[in-house]
Amino acid sequence: MVQGTALTMGLMFVAIAAIVDLLTLWLDPRMRKIA
Numbered sequence: 001m002v003q004g005t006a007l008t009m010g011l012m013f014v015a016i017a018a019i020v021d022l023l024t025l026w027l028d029p030r031m032r033k034i035a
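For the sequence shown, our numbering begins at 1 and goes up steadily by one.
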C-alpha cells in the first residue's frame, strides 16, 4: 500500500515536472537557446 502510494506520487511528480518543462520551452522561445 505504502509502496504503491510512493510510486504513484513519484511518477506524478516526474510527469508534472516534465510537462512544466515542455510547456516552458514551448511558451518561451528564448529558453530553447539556453537549453
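Mixed in with the good hints there might be a few duds.
Label-pair restraints from in silico Cβ distances [what the hints assert, rightly or not]:
#1 L7 <-> L27: 39 to 49 Å
#2 M1 <-> P29: 38 to 48 Å
#3 R30 <-> M1: 36 to 46 Å
The hints are simulated quantities; they were obtained by calculation from the structure and are not laboratory data.
Just so you know, even glycine gets a beta-carbon here, dropped at the ideal spot from N, CA and C.
Against the structure, the hints:
1. L7 <-> L27: 39 to 49 Å: violated, 30 Å
2. M1 <-> P29: 38 to 48 Å: About 45 Å separates the Cβ atoms of M1 and P29, which means 38 to 48 Å holds.
3. R30 <-> M1: 36 to 46 Å: Since the Cβ atoms of R30 and M1 sit about 45 Å apart, the hinted range of 36 to 46 Å holds.
Of the numbered hints given earlier, the model fails hint 1 alone.
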